[in-house]
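Visitor: If you're matching them up, the sequences are chains A and B in order. Quick note: our numbering has the first sequence finishing at residue 681, numbered continuously throughout. Quick note: our numbering has the second sequence finishing at residue 253, numbered continuously throughout.
Hints in this document: simulated from the structure, not taken from any laboratory. As the structure is a prediction and not an experimental result, all values here were calculated from the model. Glycine is no exception: its CB is placed at the ideal position from the N, C-alpha and C atoms. There's no promise every hint is true.
[What the hints assert, rightly or not] Pair by pair, the computed Cβ-Cβ distance ranges are: (1) B:G159 to A:R124: 47 to 53 angstroms; (2) B:G159 to A:A127: 32 to 38 angstroms; (3) B:C18 to A:N516: 26 to 32 angstroms; (4) A:A71 to B:L111: 51 to 57 angstroms; (5) B:Q15 to A:R672: 58 to 64 angstroms; (6) A:L434 to B:R220: 40 to 46 angstroms; (7) A:E601 to B:L23: 24 to 30 angstroms.
[What the hints assert, rightly or not] Restricting the straight-line Cα-Cα distance to at most 30 angstroms, the calculated cross-link-like pairs of lysine-lysine (DSS-like) are: (8) A:K91 to A:K301; (9) B:K129 to B:K193; (10) A:K676 to B:K193; (11) A:K301 to A:K207; (12) B:K200 to A:K74; (13) A:K91 to B:K133; (14) B:K32 to B:K133; (15) A:K399 to A:K207; (16) A:K219 to A:K74; (17) A:K597 to A:K219; (18) A:K408 to A:K676; (19) B:K193 to A:K99; (20) A:K74 to A:K99; (21) A:K301 to A:K182; (22) B:K200 to A:K182; (23) A:K597 to B:K92; (24) B:K133 to A:K676; (25) A:K99 to B:K92; (26) A:K219 to A:K182; (27) A:K597 to A:K676; (28) A:K91 to A:K207; (29) A:K408 to B:K200; (30) B:K193 to A:K408; (31) B:K129 to A:K91; (32) A:K99 to A:K408; (33) A:K399 to A:K91; (34) A:K74 to B:K129; (35) A:K74 to B:K133; (36) A:K219 to A:K99; (37) A:K182 to A:K99; (38) A:K676 to B:K200; (39) A:K207 to A:K408.
For reference, the chains in residue letters:
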Amino acid sequence: MISANEAAARPSVLHIFKVYYPDLFGGTLSVIRDICAGLKDQFNAAILVCSNAGGQKQIVVDDVKVERVHSFGDVLSLPAAPTYPWRLWRRIAEHDLLALHAPFPLADLVFAFGLGRNRPLVVHWHADIVTHAGLRRFIEPLMRRTLKRAAAIIVSDPVLVEQTPLLREFADKCHAVPFGIDVAKYDWPALKLERVNERGRLVLACGRLVPYKGFDVLVRAAVRRNFEVWIVGEGREHERLEALIAELGVQDRVRLLGSVPEVERVKLMRIADVFVMPSVTNAETFGLVQLEAMAAGRPIVNTALDTGVPHVARDGIEAITVPPGDAQRLGDAIESLINDPARRARMGQAARQRAVTTYSTTAFKEGVETVYRKVVAEQATAARVASVPAPASRPLETGLVSAIQIAAALAWSDMRHRYVRSLLGPFWMSLQMAIMVAVLGSVIGHFSNTSAGSRLPMLALSLTAWTFLNGVVLDATTALQNSASLIKDRALPPVVFLLQCSFRQALFALHNACVPLVLWLVLAPADPRTVIEALPGFALFMLCTLALSLVLGALATRFRDIKPIIESTLTLAFLSSPIIWTPEMIDRGSTVMRFNPLTHLFAIWRDPLATGHIPMASLGYVLACMAALAVASVVTLRHLRKAAFWI
Amino acid sequence: MVSISLQNACLDYPLYGAYDFSLKRRLIGHLIREPGEMRVIRAIDNVSLEAVSGARIGLAGPNGSGKSTLLRLIAGVFPASSGKVAISGNIVPLLGLNAGANLDFVAADNISLLLRISGRKPTQKIIDEIWAFTELEGRMQRMPLRMFSSGMLMRVLFATATAFPADILLLDEWLSVVDENFSAKAEQRLLKLVETAAIVIIASHDQPLLRRTCNTIINLDRGRIASTTTLDAAGHSMELQEKRA
């Protein structure tokens, strides 16, 4: 709006992920939270996620609007939220930028279908799907389509681009923006923590209790050692780990602490002697939690994954890196650190130094902001280029899509205003149709000996279809002249108004269709199979009508004597085609009947309804007509550019 | 990048109705070799024009000199008969306020339909904002436009047409609203619309207005560019500029 333009509106970003606070805590979520909070002065953030917790659909978390779509629980680590794609599609238009936090196949589904193409998409690549290798085969094409459509991909470490085959395909779009950490949060004064941990042998690990985190390896590594292991986090592996701890007999030294508030976690990080990240698969792309431990000045033991993990804390400097899944080596590494307090202190200091210099929140914020801004700016330029109204340079498809949208809006408005100032209100037209069917039905009844009851539904349906065809063609002949001001003053493409005729009459026909429908239900329940067989023929009928309206509409505007010719031809066609009477009533061999295209145009859907099989001869005839009409339509569409001269 | 580029654009306006083009005439005409009548008029003759962001172009010239036709050519209403027309940017042609209004529909429906035509999604909030600008009573939103006085109608149509900014704004005559109280407010809004647009082209007879709002004035004569005047920021030193040139 012009008036609202003054307060420089911030572009809005929709973050798309599967889950958010308060349902879960974790690295990805804290990244999303940090982005929202860090960019709150530059972008309006909103979050769309799934939730199986029930409760409110719209909540506010840290000043950010979070919309939660109901999910029925998790299937293969994915939320089963059937309405999510729909909701996402509805929300896309309200935002200037979409930030998809991958992997999230439910959202890929939406993008794979090409929905929301008019909004720029940034993919935050958090992890690959590693856990369900079988599932991955089906999802990879979807992810590829999403990445292809994305304007930019943000990864936490450049090594991910090299190591992930899917990302390598889109390497030119990838931007490496390492996560940032607010080290100030970990600046706790060295409080009297010794009381809690006086033995100097506390090993800490944090993360959701899911298989790829490798906590079972850590538990195994604790066997026959002297250190204590505290694991913070909750998840579906809890019981299995509990059983494993009991089985290995290490209950006295290994504890599962469950979920812990963030403040407490920070404290734990401060008192721990060694931080371990035993993750076993490449699903761990960065290990934000090890960065937190580094900010707290802890030495790290991590695993040699093909991801950013060993780059964040480097072997021999801030960490000891061991092969993933190797309990023996993991245990040795921890033990060597536990036994060497000086080395622990050295590594801890190096870790803190690296967290401060390489992984600052400002760098992260600015990195993301740069990508977001670039993408929004590119889109704005692209949108302008795409919406060029000059017919010569505008791609036909986008022009056609917007033409169809406008035509639909106009037709819908016609429909809504059809009953303005009417006496009987909605359905007065349907009432008229009912009366016409009743009168004609009783009159025709005298011509033939079949029972009126079986004939009435077909009569009503034929009349509805004829009213549609007649209405579309008649409307089309005057449509362009009636909309002269919109064409000349608002520069709308003329084809809009020809399409509008078809759309409007289709809506009217749907109203009228209640008459044949009721008759059918009451008099002769139709077999659903015959209805399905009639559908292709019916679609062809609609298509022919549309093409006819384009061609005749343009012709009648260009040559003014065409309109009366069309009018009289339509009357003649109504009488000479089997609409109110059926072919059986008269001699089928009549030449006029055989060559009248309308006979066949009605036969291709009426015959399947009445007899159950499609008349192939009629179908061929109609297809030939359709081909001719299609050619004529294309020629017409080309000439329609000049329609402004004709009106 | 918003730009308009016309290179030697010509527009031949066919004169349907001015001559007999029926089949009969064509056949007989061929037989008796009757001299051809004038069938087209060259409405735009070899016009070249380059405009980038910041251009404020005024089109001046007597009636029938091709001002409106040139605007329509740029808007894509008419295809050029020869030459090149390349436009990038979203064009909002405000060539007539009445286009698309249906007097039988209630005001709110008209507003939402007009917004849809210009490719915007009408929400109640936008309609309310537009209505607030018209300064009409809220309940009149639900009244058909035929009940409105011509001044009130102009308010509604003006407020709707000028609600959204444009990259390229084409104005055929300064949109005037008769109502005295409203006219100052409307002028302000229009000026703001002109300010926010990247390129503005105004066709007008009102030379002082063109000098106030434009930085280039193109004088048209029978479809040709007769002269181009560049004004400086102040806009009143046209003579000086001409001397220098």
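Visitor: All hints, please: hold or fail.
Guide: Now the hints, each set against the structure:
no. : hint                                 : in the structure
1   : B:G159 to A:R124: 47 to 53 angstroms : violated, 40 angstroms
2   : B:G159 to A:A127: 32 to 38 angstroms : holds, 36 angstroms
3   : B:C18 to A:N516: 26 to 32 angstroms  : holds, 30 angstroms
4   : A:A71 to B:L111: 51 to 57 angstroms  : holds, 52 angstroms
5   : B:Q15 to A:R672: 58 to 64 angstroms  : violated, 23 angstroms
6   : A:L434 to B:R220: 40 to 46 angstroms : holds, 41 angstroms
7   : A:E601 to B:L23: 24 to 30 angstroms  : holds, 27 angstroms
8   : A:K91 to A:K301                      : violated, 33 angstroms
9   : B:K129 to B:K193                     : holds, 25 angstroms
10  : A:K676 to B:K193                     : violated, 38 angstroms
11  : A:K301 to A:K207                     : violated, 39 angstroms
12  : B:K200 to A:K74                      : holds, 29 angstroms
13  : A:K91 to B:K133                      : holds, 23 angstroms
14  : B:K32 to B:K133                      : violated, 59 angstroms
15  : A:K399 to A:K207                     : holds, 19 angstroms
16  : A:K219 to A:K74                      : holds, 20 angstroms
17  : A:K597 to A:K219                     : violated, 80 angstroms
18  : A:K408 to A:K676                     : violated, 40 angstroms
19  : B:K193 to A:K99                      : violated, 37 angstroms
20  : A:K74 to A:K99                       : holds, 12 angstroms
21  : A:K301 to A:K182                     : violated, 43 angstroms
22  : B:K200 to A:K182                     : violated, 40 angstroms
23  : A:K597 to B:K92                      : violated, 35 angstroms
24  : B:K133 to A:K676                     : violated, 38 angstroms
25  : A:K99 to B:K92                       : violated, 49 angstroms
26  : A:K219 to A:K182                     : violated, 38 angstroms
27  : A:K597 to A:K676                     : holds, 19 angstroms
28  : A:K91 to A:K207                      : violated, 35 angstroms
29  : A:K408 to B:K200                     : holds, 28 angstroms
30  : B:K193 to A:K408                     : violated, 37 angstroms
31  : B:K129 to A:K91                      : holds, 25 angstroms
32  : A:K99 to A:K408                      : holds, 24 angstroms
33  : A:K399 to A:K91                      : holds, 29 angstroms
34  : A:K74 to B:K129                      : holds, 27 angstroms
35  : A:K74 to B:K133                      : holds, 24 angstroms
36  : A:K219 to A:K99                      : holds, 25 angstroms
37  : A:K182 to A:K99                      : holds, 29 angstroms
38  : A:K676 to B:K200                     : violated, 34 angstroms
39  : A:K207 to A:K408                     : holds, 12 angstroms
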